[in-house]
Each structure stands twice: as C-alpha cells, then as structure tokens.
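2 protein chains.
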Amino acid sequence: MPEIPFSRISSRKKKVLLPLSRIEHFPAGCTIIEFGAKADNFYVLEDGYIRLMLSSSCGGKKSTIDVLGPGGAFGEESVTNSGLYNFTCVALDDVEVRVIPGDVLRKILLEDPELIFRMMGRISLNMHSLMSQIADLKMRSTAERLSMFLIELSGLVKGESVITLPYDKRVIADKLGMSPETLSRTFAKLKKVGVRTVPGNKV
Amino acid sequence: MPEIPFSRISSRKKKVLLPLSRIEHFPAGCTIIEFGAKADNFYVLEDGYIRLMLSSSCGGKKSTIDVLGPGGAFGEESVTNSGLYNFTCVALDDVEVRVIPGDVLRKILLEDPELIFRMMGRISLNMHSLMSQIADLKMRSTAERLSMFLIELSGLVKGESVITLPYDKRVIADKLGMSPETLSRTFAKLKKVGVRTVPGNKV
Numbered sequence: 261m262p263e264i265p266f267s268r269i270s271s272r273k274k275k276v277l278l279p280l281s282r283i284e285h286f287p288a289g290c291t292i293i294e295f296g297a298k299a300d301n302f303y304v305l306e307d308g309y310i311r312l313m314l315s316s317s318c319g320g321k322k323s324t325i326d327v328l329g330p331g332g333a334f335g336e337e338s339v340t341n342s343g344l345y346n347f348t349c350v351a352l353d354d355v356e357v358r359v360i361p362g363d364v365l366r367k368i369l370l371e372d373p374e375l376i377f378r379m380m381g382r383i384s385l386n387m388h389s390l391m392s393q394i395a396d397l398k399m400r401s402t403a404e405r406l407s408m409f410l411i412e413l414s415g416l417v418k419g420e421s422v423i424t425l426p427y428d429k430r431v432i433a434d435k436l437g438m439s440p441e442t443l444s445r446t447f448a449k450l451k452k453v454g455v456r457t458v459p460g461n462k463v
Numbered sequence: 261m262p263e264i265p266f267s268r269i270s271s272r273k274k275k276v277l278l279p280l281s282r283i284e285h286f287p288a289g290c291t292i293i294e295f296g297a298k299a300d301n302f303y304v305l306e307d308g309y310i311r312l313m314l315s316s317s318c319g320g321k322k323s324t325i326d327v328l329g330p331g332g333a334f335g336e337e338s339v340t341n342s343g344l345y346n347f348t349c350v351a352l353d354d355v356e357v358r359v360i361p362g363d364v365l366r367k368i369l370l371e372d373p374e375l376i377f378r379m380m381g382r383i384s385l386n387m388h389s390l391m392s393q394i395a396d397l398k399m400r401s402t403a404e405r406l407s408m409f410l411i412e413l414s415g416l417v418k419g420e421s422v423i424t425l426p427y428d429k430r431v432i433a434d435k436l437g438m439s440p441e442t443l444s445r446t447f448a449k450l451k452k453v454g455v456r457t458v459p460g461n462k463v
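Just so you know, the sequences run in chain order A and B. Take 261 as the starting number for the first sequence in my numbering and just add one per residue. Take 261 as the starting number for the second sequence in my numbering and just add one per residue.
Read the hints as simulated data drawn from the structure, not as lab findings. Just to be clear, a hint being listed does not mean it is correct.
25 Å max Cα-Cα, derived PhoX-like pairs, lysine-lysine [what the hints assert, rightly or not]:
#, chain 1, residue 1, chain 2, residue 2
1, A, 273, B, 367
2, A, 367, B, 367
3, B, 449, A, 398
4, A, 367, A, 273
5, A, 398, B, 273
6, B, 298, A, 322
7, B, 322, B, 398
8, B, 367, A, 398
9, A, 298, A, 321
10, B, 321, B, 398
11, B, 275, A, 321
12, A, 429, B, 367
In isolation and in its complexed conformation, chain A is listed as follows:
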C-alpha cells in the first residue's frame, strides 16, 4: 500500500488543511474524474477502491491502468503546470475520499518544500509500479501475472493462505491485461499448483 502523503504532515499544517479540504462519497460505478477535465483537486482515498483508466493512444475502449485502495492518492495534476487530468477515475465500490483543492495544496507545498520532495517520492514510486507493469506485460505469461498478483495480495510467498479478492474478477482481468475468459482459464491452470477458487471471491 502506498503511504498516505500527508501522514507525516505537522499538526499545525493539518489544522490549516483539514477545514480547507472536504470528504466526498461516490457510489460504485460513479466517475470521480473524467480524462481531460480541468484538474481542480487532489484526492486521498479514505475508504474503498477506485480504478484509473485510460483509452489507448488512438482512442477507443478504456483499459484499467491501476487499481488503488485506502491510502492511495491521485490528482497531482492539480498542483503541476499541466492543469488537466491525465486519466479517468471510477469508483469500484462505495468510496470515501478526502478532496483537497489544488490551490490550497499548492500553497501548503510552497510553504514546505520538504513536503513536495515527499510527494515527488510518492509519484516516483507510482512510476516504478507502472514500469514494472510494462515489464510484466511484455515478458510474463498470464499464469505468471496472476500468480504474482495473488502473492502480492496474500503478502506471503510460502505457506497456505486464503485470499479474498478485493474487487471484481472482470476488473482484475483488465488490470492484468487479459480477457475475463483468459482469467478463468488461467485460474484453471493454477489449480494444478494448488490454487483453488471458492464462491464469494475467495481464493
């Protein structure tokens, strides 16, 4: 899980920030951010899962680039010079987000450049996760990608464990770059090495 960027902010700054930010709720399926819209806000996920989506560079169907859970943050475009959101963001379940207006965040960051370096560090980590995803898409088989995803969820490499899938199998398929049919076939393949799926999204 990524670190919440403001977990280490001074309590004096928090007092300034909290009244200037707000909590918003979005039901499952709701579009929180539309690609290309003016980037007004920075978001920190308090509860629920969201998917970041993008059309391929010449348009068409949207693909899931990443899925973020509690603690995840997005919308740094609201403080940089680009000014437009680079992705579409959709709620996967009931989502609670802290919304920080970009101009408020920019002011706080300008007063505390150390905080900017921390935020840059977080962006840099996100970039690394995208780069790993590219390497995996280019070099790993569907079975290897699904296995790594499950290992990451379980936090274990050895021993037995029961994993509850945090979101829908169709979203997992899209995140891992497979069709839902390929995901089912890949789960079937992993049966041979002891991966069992049971009803209720448990593995």
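Fit chain B to the supplied structure of chain A, relying on the hints for placement.
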C-alpha cells in the same frame, strides 16, 4: 520530445548550476545507471539516445520500458526520499549527458519551489506516457502499435514521408513489446498499406 526541465531557469540560477554540473560521455552499450544503485545524480540528455530498462517484478531478463532522446531527463530519485535508482539506463549510441549532483539540484529546487512544480509536471507527463504504453500493450495489435510509433516519428498522419529509424530495430521491437521476428512480420503486414522498408534503417 519532452521539454528540458531547466530551459526556463533564470540566468542567475544557470550561472550557479553550470559550474556545479558536469558533462559526461558514454559509448554505445555502456550502462549509465544500474538498478538499485544509490541515486546520486540527475541527468539531462544533451546528445544521443538511452534506453530505460527494468526486469519484470520477479526478476529475469530486462525489458525496455522507454527510449529517451536529446532533451530527455531522468534520475529524479536523486532529489526525492527513495534514494535508489528505479531502473537500469544504457546508452544506445554515443551519449552526452549533463550530470547534476542530487544535492546541488535539491538546493536549487528548495530556493525556487516553482521549479519543483515544473519538474513534477514533467514527471507527471512521463507517467502519462507510461500509462498510454500500458493501455496500448493491453488493447492494440502489433500492427497498430508499430503504425502509431511510425506516425509519431514522422509527425504526420497524412501524406508520404521517409522516416529514419532513430535506433536499432531490436530496441524498437523491445520497446513495442514484440520479438524481433514479430517486428519483421509486422513490417511485412504494413507493406500492404504502403509502408516500405529500405536499407539503412529508413522506412
């Protein structure tokens, strides 16, 4: 081409920066940055091409994540808190880079937070390019990916043009997530729509 991050730096700052940075040369094939090494420097490409490479998340063969040309910059880990390079960087031809020590850059950025926002904007753009690449890998055929790469190189969508490939076909294949054999077959497919390859890396 990405904007050089310091093209709009004040001339006073440039006077401070230039004597504190240095020019280095690397011949083709030379490793400029090793994954996991201590991130001491930020680099701006003055001449030549480099490839950013990463192993898939469970090790093994390295894959080309991106190729940068003149004006490209990398190594923001040198000013953030992570402190270790997130990728391997290899020279594709004779490369000339401006090397800016991380502590020098950090000092200059602390004095001019507006410059940090510009740098964050550049990182955000790089992230968008990685996200597009993921969407393309998941949704586009090899012929579509090669066509888009050629269109980007030519800067044209209509009309005839001769494109000189800026780097080796094996690197292009790796960047586009295909084997060299698939790239050849894909060039053959594009022949039907008028794409001709001629000796000397011209298309």
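A quick look at each hint next to the structure:
no. : hint            : result
1   : A:273 <-> B:367 : 23 Å, holds
2   : A:367 <-> B:367 : 20 Å, holds
3   : B:449 <-> A:398 : 21 Å, holds
4   : A:367 <-> A:273 : 11 Å, holds
5   : A:398 <-> B:273 : 42 Å, violated
6   : B:298 <-> A:322 : 37 Å, violated
7   : B:322 <-> B:398 : 19 Å, holds
8   : B:367 <-> A:398 : 39 Å, violated
9   : A:298 <-> A:321 : 22 Å, holds
10  : B:321 <-> B:398 : 21 Å, holds
11  : B:275 <-> A:321 : 49 Å, violated
12  : A:429 <-> B:367 : 47 Å, violated
Hints 5, 6, 8, 11 and 12 from the list above are not met by this structure, while the remaining hints are.
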